[in-house]
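Listed in order, the protein sequences are those of chains A and C.
When we follow our numbering, the leftmost residue of the first sequence carries the number 1, and every step to the right adds one.
When we follow our numbering, the leftmost residue of the second sequence carries the number 86, and every step to the right adds one.
Please keep in mind that the hints were generated in silico from the structure rather than gathered at the bench.
Note that CB positions come from ideal geometry on N, CA and C, so glycine has one too.
Don't take every hint at face value.
Not everything, but these chain C residues come out facing chain A in the computed CB check (under 10 angstroms) [said to hold, decoys possible]: (1) 182; (2) 192; (3) 195; (4) 200; (5) 202; (6) 211; (7) 212; (8) 222.
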Amino acid sequence: MDVVASEFATVSVSVDDHGNGTRLRLEDLRTGTVRFLDALELESIVWAPESWMRALLDPSQHRWRDADRGPAQESMPEPPEEPPA
Amino acid sequence: MTTTDVDTDPEAARIRSLVLPDRVHGSIYTDPDVYARELERIWYTTWVYVGHASEVPEPNDYVRKTIGPQQVVMTRDKTGAIHVLHNRCSHRGNLVCDAERGNAGSFRCPYHGWTFANTGDLLGFPFNQGYGGSSARAQLPGLATAPRVESYRGFVFASLSPDGPTLREHLGAAAERLDRLCRLSPSGEVELTAGWVRHEVTANWKMLVENETDGYHPQFVHSSIFSISGSGIGALYSDKSTAVTRALGGGHTENDLSPEFRRLGVPMGWAGTPEAKIPDYVAAMRDAYGTDTADEIMIDGSPHVMIFPNLFVAEIQLFQIQPLAVDRTVQHVTAIQFAGAPDLNRRLVTQCVGSVGPAGMLLADDAEMYERNQRGVAQRRPEWLDLTRGLHRERVDDDGHTIGTATDETSMRAMWRHYLELMT
Ligand code: FES
Ligand SMILES: [Fe+2]
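Take the sequences, apply the hints, and build the full model.
As C-alpha cells, this is what we get:
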C-alpha cells in the first residue's frame, strides 16, 4: 500500500487481486471511504479531458452536494458541466 | 517612475529631508509611517524576487513564498507556466496553503471547502445551491494573482503593480551578474534545491540591504570566521585591494572581487576549493566551455550582488530579504547549487552550513550587528548616520557605473538615491 498525500487530501493506493482480475483500490484515509477502479476505468481517466477533472474537483458535484439534488455518486452529470475556461 | 510633487505631498518632502546625499536620518529605520509607505511604493510596486523555477521542477509543484509581509504561493501549472498567487481564499480570506511545498493541481480551502486550480481559477464550492447553483462560479472571484510575473535565468520576480518597467529594465546591469552566476554551472543553470534556513532579526530591512555590499565591515565583524577558516576573502576588503564597490543602477549594488581573483589567477580560488578536490566539476566545465573560457569563468568566480530590494547573491549562498515590520526582517537563506556539479555542490552545502546554517558564524555575526544597529539608531543623538566614506574618490568605470574602493560606501549612497526615486 502506498499513500498519496498533500495538505488537502490523503489517499491510500494499492492493487487489489481478490477478484478474478486486478483492480486499483483507493481509500480516502480521512473518512475510510473506498473506491475500486478497474483497468478500463483507469484507462478512461488517463484519456479524460482536462475539463472532466476540473468538474470532478467541484465539491458540489459529489460529497458536499445539496441534499435536495439527490444522492451524489449516481447523479454525476454526464457529461459533467463545463468548468470555467 | 513619476516623481511626486513635494509641494503637494508633505510626506515626500519629509522623506527627502531625511535622506541626503551624504547622510541619512536615524528615523528612516524606525518610523512606522516610512515603513508603511515603503510597503506601498517599493514592496508592492517594483519587481520583487519571489523564488526560483528549480523550486517547482514538476507540473503542479508549488512552494510558499513571500513578497515582504505578503504570503504568496508560487505554482507551476499543468502546462509548465509559473504563477504567483496570493495565499488568501476568495471566500472569507483564509490562508489556502499551509504546507511549505507540495504537488497539487488544485487547492481546497480548509475553512468552507472552496476549491481553486493552481492558476487561481475557482473550480467550485460545497453546497452550491446557496449561491444559486454552479453557474454562480463564473461570477465569484478566484485566488488573486500577481499582476506581473517574469523570470530571468530561472529567477522568478513578481510586481504587484500592473504597470511599470519590465523585469529586464528593472534588472539592468544586475542581469549580467546573474549570468555570471549561472555560467558557473556546466549547463548554465543554478538550482535552489538545498533547502532553506530562516533567520529573523529585530532590525529594519534597509540595514540588511546596506550591509550586504558594505565592504567596510568584514574585517571587523567577520574576523573570527576568516581566521578559523583560513579564508583569504577578508583581506580583499581593504583599501589596498583592487576589488571595487559598484553601483549598478536601479539601487542594485555589488562588491566586485573578480579583479583580485584574476590577479591570483587560480581556478576556483574564489571558493577556496583546490581543483584537485572537485575534478569532476572542473572536467565538466572544460568540456562545456572549452579549457580557456572555463578557466576564466572559474577564476572570475561568483558575484556578490544585492539586487534591490530583496535578492542577495553572496558567491555561494542566496538570501531573500523579507520585511515583516519596521523593526523585524527575515532572511531566507540557501546554499546555491549548480546543475551538473554534484561534487562542487556537496562542498558548497558544507561551506554554507558553516557560514549561514543554524549555527553558522557569518550570518550570526551580521545579525548581531543588525540588531545592535537597530537599537543604536533609536537613541536620540547624534541624529544622522554618516555616508561619506569614499565620496571624494568615487569614479566612473568603462561601463558608466559609479565605483569606489572595496570599503567605500558607494553602494549605500546609490541605494538611497534609488530609494528616494521610489519613495518621493
Ligand atoms: S474562507 Fe475559504 S472557503 Fe471559506
Ligand atoms: Fe466552529
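Going through the hints against the structure:
1. 182: Result: holds, 7 angstroms to nearest chain A Cβ.
2. 192: holds, 6 angstroms
3. 195: Since the shortest Cβ distance to chain A is 8 angstroms, the answer is holds.
4. 200: holds, 5 angstroms
5. 202: holds, 7 angstroms
6. 211: holds, 3 angstroms
7. 212: holds, 5 angstroms
8. 222: holds, 6 angstroms
Comparing the model with each earlier hint shows no violations; every hint is respected.
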